[in-house]
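*Asks:* The lines below spell out each chain.
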Amino acid sequence: MFRFIRAGRKGPWLRVIGGVGASAVALTLAGCGGGGGASVGSYGFAQVEQDDKAPITVWVDSDRVGAADAFKKANADVKINVVTYDGSANGSNSFRTKVQLFDRAGSGWPDVVFSTQNNDAAWASQKTNGKEPFAAVLNGGLVPKATLDAFTEGSLAPCTVEGKVYCLRNDLAQAVLWYDKSLLDKFGYAVPTTWEEYQALGEKVAKEHPGYIVGTVGDPWTPEVYFWGSKCQANGITGPKTVTVNVETTECKRAATMLDTLIKNGTTPNISVFTPEFLKKYSGKVLMMPGPAWYAGAIFNNPQSLNVPKGQLGVGAPPAWQGDTAVTGNVGGGTWFVSSHSKNLKAAEKFVEFVTTADDYQVNVAPGFPAYAPAAEKWIKKQESSGYYATDLQALVKAGSQIWTGWGSGVFSQEAIWAKTMTPAIAGGKSIADLLPEWGTAIKNQAQVNGYTVK
Amino acid sequence: MTLTDKAARAAVTSHGRPSGGRSGDDKSAMSYGFVALYTVLVVAFGVLPALYAVYLAFTDGDGGFAGITNFTKVMSDFRFLPAVAHVALYLVIWLVALVVLVAFLAIVVHAVRVRWLSKTLRLVFYLPGALAGASSVLLWLFVLDPTASPVSGLLHLFGFTSFVQVIVPANLPPIFAIIAFWTGAGGWIVIMYGALNNISADVIEAARIDGATTVQIAWRVQLPLLRKWISYMGIMSLAAGTQLFVEPQLLSQASNAVVPNDYSLNQLAYQYAFQQNDFNGAAAISLLLLVIALALSAVFVTRGGLFERG
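Keeping their order, the protein sequence lines are chains A and B. Using this note's numbering, read the first sequence as starting at 1 and increasing by one per residue. Using this note's numbering, read the second sequence as starting at 1 and increasing by one per residue.
The hints are simulated quantities; they were obtained by calculation from the structure and are not laboratory data. Careful, some of the hints might be misleading.
[Stated by the list, open to error] List time: in silico DSSO-like cross-link candidates among lysine-lysine, alpha-carbon distance up to 30 Å:
| no. | chain 1 | residue 1 | chain 2 | residue 2 |
| --- | --- | --- | --- | --- |
| 1 | A | 455 | B | 27 |
| 2 | A | 455 | A | 253 |
| 3 | A | 186 | A | 164 |
| 4 | B | 119 | A | 444 |
| 5 | A | 253 | A | 98 |
| 6 | A | 382 | A | 285 |
| 7 | B | 228 | A | 241 |
| 8 | B | 73 | A | 98 |
| 9 | A | 127 | B | 73 |
| 10 | A | 145 | A | 398 |
| 11 | A | 281 | A | 264 |
| 12 | A | 343 | A | 53 |
| 13 | A | 164 | A | 181 |
| 14 | A | 181 | A | 343 |
| 15 | A | 145 | A | 207 |
[Unchecked claim] Far from chain B, by Cβ distances over 10 Å, these chain A residues were calculated:
| no. | residue |
| --- | --- |
| 16 | 43 |
| 17 | 62 |
| 18 | 65 |
| 19 | 75 |
| 20 | 103 |
| 21 | 106 |
| 22 | 148 |
| 23 | 207 |
| 24 | 212 |
| 25 | 276 |
| 26 | 325 |
| 27 | 360 |
| 28 | 419 |
Here the structure is a predicted model, which means the values were calculated and not measured. Note that the Cβ used here is the ideal one computed from N, Cα and C, for glycine as well.
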């Protein structure tokens, strides 16, 4: 836990266990009640009376304090109160909990909120017990269209519900293939471009260099790295309250069988990368690791984690399945919300636009891969010139637009389901391929108690 | 736990204390004063919230009467029955261990004639309980991780090499029982010790003159006289045990949800209230818990003779 939080500080993009058990049966009640005293404004949602001078309250996690500071420096005329909270990380779900309490109280909402999770638009876009949705619609004129269009393709998908955009993405967390170039060269291996090659390499490593690993399955985001990237239909969110779950397809089975083989031969251990156990056993022995963009800062280039020396870490494109186009998964990436209850929408909009697009923050300060494409380009150049990486970072850029769209952002957490049903079973020696039906049932159950219609 | 400990300690110390020199009227005025304070607090933080929960449990999100739909909803939740089973298994392990071991250890400590040893033992037993609940659970996060644990040898002996292997679902009830025993039993041992002190020395002496051994005295004299205290401990611990929350909640966060966040009934209620925004469902679960705890307490009260005089 402690490791986890600390790592989160380094590579802050831990959305982690997206709202462990986040759920919303109550949301089914939405639509029954009427709105508050607000009138429908020009931005496509009910807004309260505006006051351009009103100070705005901004909730950030400790890593995003830098964003607020950069904004203050550039916009001294806008009054903001910065409140630090946990960013809803590590499954605390505090963003939602607090907003629900403000909804009950009928006041107290912050104007801008940063969340480390991807699940928030799913509830923040919905009426709850007759209360207006918390999130302001951003593509109804509040944020300029040109700005929205410049975000990396698909990056606003977790923010979009029924065509309306409810948040701006801070950073992307696309999965890529991280590898230790020095080790690969030393062993005489090539970087795999397909999952079949990846598995074959894993089997070779087990025989020729036992003790070295090519991945892990111990973290709750395992399904997002391997199953999302294999087009497995575990999380087919098709509407605000509908989901399609079918985990017994070829796409799911191929990923499961591959992992079973690699778990059995010891090259993908069932150990979380954020445990002392992992560091003890595998420091210097990570040959490859499919994982999100933030792994670079959180585990590889982190003195408290694997601490891979300068000039060794390479990044490869996400592998494809033979005969299929290459797609990839996504593990988190922060989001910025504007409150629909804000008295100063103008200032709130100015703030979220600044922190997601301005070079002052996204290029110069932010540790993660910016979701805003023009900033991402500059950020990559800056990273490449640092000399830390053994390869260029173009694979990372490309992967940003390769995220498979068949995996949605529902209100419940896929990570929590995996952690609860699969991780202990794998520890007990069961095969993932055999566990697929059980996993499917667990997802369906969780979706249903959250008010989803499951297909 | 801390609250019940304090209450129990107060009960022990007040038991059989000689009355002071004040007149009866003074005393009763004083006692009304004390009771009034307590009553205000219990109404504000006990009775009113309970009534609010009853109100919530029978209404829906908009405040309309809902009948028993909240109850049927939570009971048909796929997480409900597993949570009941988890708590029940935990309670059985924990309560049996608590009653047997606390009574045994208290009698052993009481029988120790060496003053410093007896004192040290009481302190050692009590110390873990002096740690605040959550922080003592945090300590266990390290104890249970084979790579960080001070007793890693023991964990390896059981065949555990990783944290996840230790916390597989089958191991959880005994783990929570051990944690709860470790944090809570010390206070009860001290209370039982106090209760043993209250047994008249004449009784013990008479038994000894009649030729009873230490074991016989413990079994035939001390234990029967401790019956009320044991049943009191049973009720208090039952109430705390059915509300199992801190241990699984912290382990859940620390294990990145490998220990589910809906393991116990109280956690499920928490999920309903703060993750699903369904305070009504949460209230329904808490009412069910209340009913179960009351029913089980009734067993302890009647079997333990808690309210019998003399």
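*Asks:* All hints, please: hold or fail.
*Replies:* Evaluated hints:
1. Taken as a hint, the residue 455 (chain A) and residue 27 (chain B) pair is broken in the structure, with Cα atoms around 71 Å apart against an allowance of 30 Å.
2. Restraint check for residue 455 (chain A) and residue 253 (chain A): satisfied, since their Cα atoms lie roughly 19 Å apart, inside the 30 Å limit.
3. With a C-alpha separation of about 51 Å, the suggested pairing of residue 186 (chain A) with residue 164 (chain A) is violated against the 30 Å cut-off.
4. Between residue 119 (chain B) and residue 444 (chain A) the CA atoms are separated by roughly 57 Å; this puts the pair beyond 30 Å, and the hint is violated.
5. Annotation: proposed proximity of residue 253 (chain A) to residue 98 (chain A) is violated, straight-line Cα distance about 40 Å (limit 30 Å).
6. Proposed proximity of residue 382 (chain A) and residue 285 (chain A) is supported: the alpha carbons are some 28 Å apart, at most 30 Å.
7. Between residue 228 (chain B) and residue 241 (chain A) the CA atoms are separated by roughly 55 Å; this puts the pair beyond 30 Å, and the hint is violated.
8. This hinted pair checks out: residue 73 (chain B) and residue 98 (chain A) have alpha carbons roughly 25 Å apart, not beyond 30 Å.
9. Taken as a hint, the residue 127 (chain A) and residue 73 (chain B) pair is honoured in the structure, with Cα atoms around 21 Å apart against an allowance of 30 Å.
10. Between residue 145 (chain A) and residue 398 (chain A) the alpha-carbon distance is near 23 Å, which keeps this suggested pair within the 30 Å criterion.
11. With a C-alpha separation of about 17 Å, the suggested pairing of residue 281 (chain A) with residue 264 (chain A) holds against the 30 Å cut-off.
12. Taken as a hint, the residue 343 (chain A) and residue 53 (chain A) pair is honoured in the structure, with Cα atoms around 9 Å apart against an allowance of 30 Å.
13. With a C-alpha separation of about 43 Å, the suggested pair residue 164 (chain A) and residue 181 (chain A) falls outside the 30 Å cut-off, and the hint is violated.
14. Straight-line distance between C-alpha atoms of residue 181 (chain A) and residue 343 (chain A) comes to about 53 Å, which puts the hinted pair past the 30 Å bound.
15. Restraint check: the Cα-Cα separation between residue 145 (chain A) and residue 207 (chain A) comes to about 55 Å, which exceeds 30 Å; the hinted pair is violated.
16. At roughly 25 Å from the closest C-beta of chain B, the C-beta of residue 43 (chain A) stays outside 10 Å, upholding its exclusion from the interface.
17. For residue 62 (chain A), the shortest C-beta to C-beta distance to chain B comes to about 18 Å, beyond the 10 Å cut-off, and the non-interface label holds.
18. No Cβ of chain B approaches the Cβ of residue 65 (chain A) within 10 Å, the least distance being about 23 Å, so the stated non-interface status holds.
19. Annotated as non-interface, residue 75 (chain A) keeps its C-beta farther than 10 Å from every C-beta of chain B; the closest such distance is 35 Å.
20. With a least beta-carbon separation of about 8 Å from chain B, residue 103 (chain A) fails to lie farther than 10 Å from that chain, contradicting its non-interface assignment.
21. The beta carbon of residue 106 (chain A) is kept farther than 10 Å from every beta carbon of chain B, the shortest such distance being approximately 14 Å.
22. Listed as a non-interface residue, residue 148 (chain A) keeps its Cβ farther than 10 Å from every Cβ of chain B; the least gap is roughly 29 Å.
23. A cut-off of 10 Å between C-beta atoms confirms that residue 207 (chain A) is not in contact with chain B; the least separation is 23 Å.
24. No Cβ of chain B approaches the Cβ of residue 212 (chain A) within 10 Å, the least distance being about 18 Å, so the stated non-interface status holds.
25. Distance to chain B contradicts residue 276 (chain A) as a non-interface residue, since its nearest Cβ pair spans about 5 Å, not more than 10 Å.
26. Look at residue 325 (chain A): its CB is around 31 Å from the nearest CB on chain B, clear of 10 Å, so calling it non-interface holds up.
27. For residue 360 (chain A), the non-interface assignment is confirmed: its Cβ lies about 34 Å from the closest Cβ of chain B, beyond the 10 Å cut-off.
28. For residue 419 (chain A), the condition that its CB be more than 10 Å from all CB atoms of chain B is violated, with the nearest at approximately 4 Å.
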